[in-house]
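Protein chains in written order, with our numbering: chain A, 4 to 275; chain B, 21 to 293.
Misleading hints may appear alongside valid ones.
To be verified - One-sided and incomplete, this derived list gives chain B residues near chain A with beta-carbon spacing under 10 Å:
1. ALA35
2. ARG88
3. GLY140
Hints in this document: simulated from the structure, not taken from any laboratory. Where a beta carbon is used, it is the ideal one built from N, C-alpha and C, also for glycine.
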Amino acid sequence: MNKYLILRRITQLSILFLYVGANIWGWKILEGNLSFSLIFDKIPLSDPYAVLQMFIAGAAISVDMLIGVGIVLVFYALIGGRAYCSWVCPVNMVTDLAAYLRRKLNIDKDGKRYIISRKFRYWAFITLLVVSFLTGVAAFEFFSPIGILTRGVVFGIGFGWVFILAIFLFDLFIVKNGWCGHMCPLGAMYSVIGSKSIIRVKHDAEACTNCGECKVVCPEKDVLNPVINKKSDFIHGIECTNCGRCIEVCNDNALKFSIRLKGDKDEKITIK
Amino acid sequence: MDKKRRSFLVGLAQAAAVSTVGGSLAAGFIEENKDKPLTLRPPGALDEKEFMKTCIRCGLCVDACKTRENIPVVDGDKKVTLALATPGDDAPLGTPFFIARTNPCYMCEDIPCMYACPTGALTPDKCQNDKGEVAIDYAKMGVAIIDPSSCIAYWGLQCTACYRACPELDKAITIEWRRNKRTGKHAYRIPIVHEDACTGCGMCEEACVTEKAAIKIFPREVVLGKAGDRYVKGWDAKDQTRVRNASTTTTTKTGRSQKSAIDNLNEGIKWDE
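Next comes chain A alone, as it looks inside the complex:
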């Protein structure tokens, strides 16, 4: 039933567990953290946004970092979309929990509504590049909750839990899907990187009964609105994280993961 949810948690936790293993027992499977990692002590992976900021700040970029960026870009450009956000990033577990409790506690029904534009993250993405240039250091890395949480699990968190608690409370009581769905500049970057990715959720409008369950669970429901019950098509919205929650909650088999190639656009069937 919740097979993607379970798979995602397994991936997210395994990645953290391998980092911890490298730190404590010297495992050579996956070392480092989400800023930069080594697979089997050889293959580099780097955070493309961190490297971009460092480049703009004026750092000399090493070959290892460039290869790492290349691998990450190719992987997510083909497979991922924003899969990093829902399958890798540990902050997703915090914000998913906040979103779940928000639904259970009916915060949206009874609470005040605070609105932030979903475009905020793109502005944050650009602004922090400018700040990196002005301050001469990678700006986002000074308060990135992704860095704080990943390093926290592997190397010790200090007072970093305050940042994580802040995001949890922000998502729970203030803005729905506030951090991941509105503010995170790394998510913004992965949206763009994976905009043409081949693995996509596909909708079958003829099977859809317009029950709306998918829109309840979707953390980026703006990507569903143009498609659900309107036409049989891929979810083209670049902010889709490929989390698969909509597929799991759909009782009509109207959603599934599928391969999107260029020619597929012709199949579009529009209803109404």
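Since the structure of chain A is provided, determine the placement of chain B on it from the hints.
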């Protein structure tokens, strides 16, 4: 149509305003936090400003430090030198540092932390001598400074704990014998730090017996001065070559120096008549 254009422009202005407000807050926070001049870095670290640009905060140096061979165990605890700074540590967030008093650098001969660095923030170029030979003995993590008011050797007690703990024995710290004039029949054994041989590993600070260490490690940039080309060591042929190409004349202009010294002394004085 005009209304659409207007709302587009206003929206753009609003987004720019949010970016400016958020960006200045972020920049202020970063300016405050990027500059922690007392942070001790692993061996081979670039100069602090370049280091802060180049470190990606991956922690591979910390992994290498923690899982190295022959890690010393004191009272059942593995002595890990490096840590990544968390919020609350006195070092820029996520970057590697060490605290010499509790966890000094044990100066591994193979320097695993430095070679683990993927970005070049830790580099053999910064851990070598003039001939380009790389060894941990040429690391420049900091320099030891002694507080004579609390160092018990200056009180006349025989200590030499720092001298004996130093991995660069008889090079980075030597003992100077001095007569104790106060008693007239005892000797002081005073530790003297030689910055050119000191790696800043912190073994002395860890070993120091006083309640709060009387010998401490600080980054070289903070502690060391620079005499400049104006001064030369007496009776030192090598130092003569250092100043050979220095400019010999310097003119300093101030409000006073524009007039001659005599004018300056006579001005505004009432003469007896």
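Quick rundown of the hints versus the structure:
{"no.": "1", "hint": "ALA35", "in the structure": "holds, 5 Å"}
{"no.": "2", "hint": "ARG88", "in the structure": "holds, 9 Å"}
{"no.": "3", "hint": "GLY140", "in the structure": "holds, 5 Å"}
The structure agrees with every numbered hint stated previously.
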